[in-house]
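Participant: Build the full structure now, drawing on both the sequences and the hints.
These are the residues of each chain, in order.
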Amino acid sequence: GIQVEQSPPDLILQEGANSTLRCNFSDSVNNLQWFHQNPWGQLINLFYIPSGTKQNGRLSATTVATERYSLLYISSSQTTDSGVYFCAVDTRNSGNTPLVFGKGTRLSVIA
Amino acid sequence: DGGITQSPKYLFRKEGQNVTLSCEQNLNHDAMYWYRQDPGQGLRLIYYSQIVNDFQKGDIAEGYSVSREKKESFPLTVTSAQKNPTAFYLCASSPKTGGEIFNEQYFGPGTRLTVT
Chain A
996 GIQVEQSPPD LILQEGANST LRCNFSDSVN NLQWFHQNPW GQLINLFYIP
1046 SGTKQNGRLS ATTVATERYS LLYISSSQTT DSGVYFCAVD TRNSGNTPLV
1096 FGKGTRLSVI A
Chain B
78 DGGITQSPKY LFRKEGQNVT LSCEQNLNHD AMYWYRQDPG QGLRLIYYSQ
128 IVNDFQKGDI AEGYSVSREK KESFPLTVTS AQKNPTAFYL CASSPKTGGE
178 IFNEQYFGPG TRLTVT
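As given, the protein sequences belong to chains A and B, one line each in that order.
Numbers 996 to 1106, taken from my numbering, label the letters of the first sequence in order.
Numbers 78 to 193, taken from my numbering, label the letters of the second sequence in order.
To be clear, the hints were calculated from the coordinates, so they are not data collected in a lab.
The beta carbon of each residue, even a glycine, is placed where N, CA and C say it ideally should be.
Hints are all accurate, no fakes.
Below are the BS3-like pairs computed for lysine-lysine, each with C-alpha atoms no more than 30 Å apart in a straight line:
#	chain 1	residue 1	chain 2	residue 2
1	B	Lys-160	A	Lys-1098
2	B	Lys-134	B	Lys-147
3	B	Lys-86	B	Lys-160
4	A	Lys-1098	B	Lys-134
5	B	Lys-91	B	Lys-134
6	B	Lys-148	B	Lys-86
7	B	Lys-148	B	Lys-134
8	B	Lys-134	B	Lys-160
9	A	Lys-1098	B	Lys-86
To give an idea of the chain A side of the interface with chain B (calculated C-beta under 7 Å), a few residues:
#	residue
10	Gly-1036
11	Gln-1037
12	Leu-1038
13	Tyr-1043
14	Pro-1093
15	Phe-1096
16	Gly-1097
17	Lys-1098
18	Gly-1099
Facilitator: Right, dumping it as structure tokens:
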């Protein structure tokens, strides 16, 4: 099945710093989503971005489907950005698994 | 408010007992999903359902069962056959447009199950 790799696995930032999180996937995809999992476990939708670029406030994402990667940019980070960021993809070629998740990037923003 | 609810938030059971986790959505979504998350890991698919009275196994269906008798409800039963049931369980749903299941998924708050 499709492989999803996220990097870096852990990231510590000073408040106000910028960061880039990467998601590589091994096959063509029909859907790609970025999620933020807060400390209470809730998964919050950030972007639905199978291709192209989107922006929402301090966050933006770019997916280059032909090169099989996606990037999540966080600018002017805040302590509330802390948590785990997941990339998830789906492909109709991977059997009956609608979304395949990466292992996530754990972000800690310190004041 | 529209959304996905899961209950209870925390659940404790003795080994050997079956337990059912609730998932309800009022988003009028056709598809619903159950995922399992273990500490430090991503999510893995247990079961999903595209339509009422139909569901498909995911990658780790062994030891679990589901039903989809109503569009808004997709309960998950963790049976005594599941060897490592202690985990965080997340339910999700997605709209179904154009006959495709592969749409943006939205998640409930999750249920933490501890089996001792």
